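Asks: Add chain B to chain A, keeping to what the hints say.
2 protein chains.
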Amino acid sequence: MKKIGVFGTGDVGRTIATKLVALGYEVKMGSRTATNEIALKWANENGGKASAGTFADAAAFGEIIFNCTKGEITLSVFELAGLKFFKGKIIADLSNPLDFSKGFPPTLTGQYINTTSLGEEIQKLLPDAYVVKTLNMVTCAVMVNLKLSPGDATMLICGNHAKAKQEVTEILHQFGWKDVLDLGEIVGARGMEMYLALWVRLFLATNNVNVTFRINR
Amino acid sequence: MKKIGVFGTGDVGRTIATKLVALGYEVKMGSRTATNEIALKWANENGGKASAGTFADAAAFGEIIFNCTKGEITLSVFELAGLKFFKGKIIADLSNPLDFSKGFPPTLTGQYINTTSLGEEIQKLLPDAYVVKTLNMVTCAVMVNLKLSPGDATMLICGNHAKAKQEVTEILHQFGWKDVLDLGEIVGARGMEMYLALWVRLFLATNNVNVTFRINR
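From first to last, the protein sequence lines are chains A and B.
The first sequence begins at 148 in the numbering used here and counts up by one.
The second sequence begins at 148 in the numbering used here and counts up by one.
Chain A on its own, in the form it takes in the complex:
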């Protein structure tokens, strides 16, 4: 099984990293410092296949990197890790360009929507990496436990590299997603991220943070 780096120690990062370890993957959680208490606690609680380090450590370790950082810092995190680490690696990008500066619900960050997206900007920053956008469209608990949401759900995926999408799709299947729809190249990240403007309203209207969608086609 491939080694996996997880960027981010928040709810998304811990949820993804914990599930990956449970599936048998070796996982290194990356953060700004090697002594991040949340990351070290997570590693201690998750056994011998779980470890923690800097973003650079996690980038060097992982053959696949799950980007679970907040959209506002995502690009700087890749620069902080060191761009040299990402050549030929798969980056599963779960980030969203959310702007909470005026509270909840957030708007989107204007510079990363409509004519571009965070997924595309990561791919531009790391032209030798294989960026795959996925999972950003549901709350983190649902990402790895689809039973929390009623009904059959679809997960979308996009990226420029077929093999990278195939590898990430296999992990999505392991997470429980049966219906994975390939939107094509990374430009599809625009729609996947702008969906968040709808997601916040679906969440508020249904009072169900586990809301998902099924694409009928």
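Hints were generated in silico from the structure; no laboratory data involved.
If you're wondering where the values come from, they're calculated on a predicted model, not measured in any experiment.
Among the hints, erroneous ones may be present.
In the BS3-like style, the derived pairs of lysine-lysine whose C-alpha atoms are separated by at most 27 Å in a straight line are [said to hold, decoys possible]:
| id | chain 1 | residue 1 | chain 2 | residue 2 |
| --- | --- | --- | --- | --- |
| 1 | A | Lys271 | B | Lys149 |
| 2 | A | Lys294 | B | Lys325 |
| 3 | B | Lys310 | B | Lys325 |
| 4 | A | Lys249 | B | Lys166 |
| 5 | B | Lys325 | A | Lys325 |
| 6 | B | Lys166 | B | Lys149 |
| 7 | B | Lys294 | A | Lys325 |
Replies: Then chain B, alone, in the frame of chain A:
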């Protein structure tokens, strides 16, 4: 049954107007001139309950107005019709702020997304009207014939006035939509319109213009 004005003579306007006449409504199709050939042809073909006129004629006639104009002209059409006509009227807004200036797929019109929407801008322009956003999220044939899309589909609706939403929801039921989800106030139009950035990718990826979604909640 309430009288209905339909703004727009394009595919969306003709599809909606034809279905409304078939359901028994009296419908006046509005366009820039009273001699618009497409509108007159439509009226001739659809019997005694169908008529055509200017935007002002349709606005004066209708107790409910279906806005089926292109997003780029929507606001100017309401101004052209005459703002005085809309007091106390229900406006079902089907428009999308699409920018085709660089071809297909379109992007969205930056000035009408994220921190506002066409639905909200219409409501601001017509503070005495009851704007209800709906149906903009599917192709026009599916709006009135849900059998074209496989699976159970959800239609979203939003607006500031509960009774207006209820009346439009009744028409949605008559169109065949069983699952209508109320997103709340007109601010929900942001997400409903920004969904178009996803819709174009779903259409391209599935090669199915009749793509719909089900919201699992």
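Asks: Does each hint fit the structure? Answer for all of them.
Replies: Okay, the hints, checked on the actual structure:
no.: 1; hint: A:Lys271 to B:Lys149; result: violated (54 Å)
no.: 2; hint: A:Lys294 to B:Lys325; result: holds (24 Å)
no.: 3; hint: B:Lys310 to B:Lys325; result: holds (18 Å)
no.: 4; hint: A:Lys249 to B:Lys166; result: violated (43 Å)
no.: 5; hint: B:Lys325 to A:Lys325; result: holds (26 Å)
no.: 6; hint: B:Lys166 to B:Lys149; result: holds (14 Å)
no.: 7; hint: B:Lys294 to A:Lys325; result: holds (24 Å)
Hint violations for this structure: numbers 1 and 4, all remaining hints satisfied.
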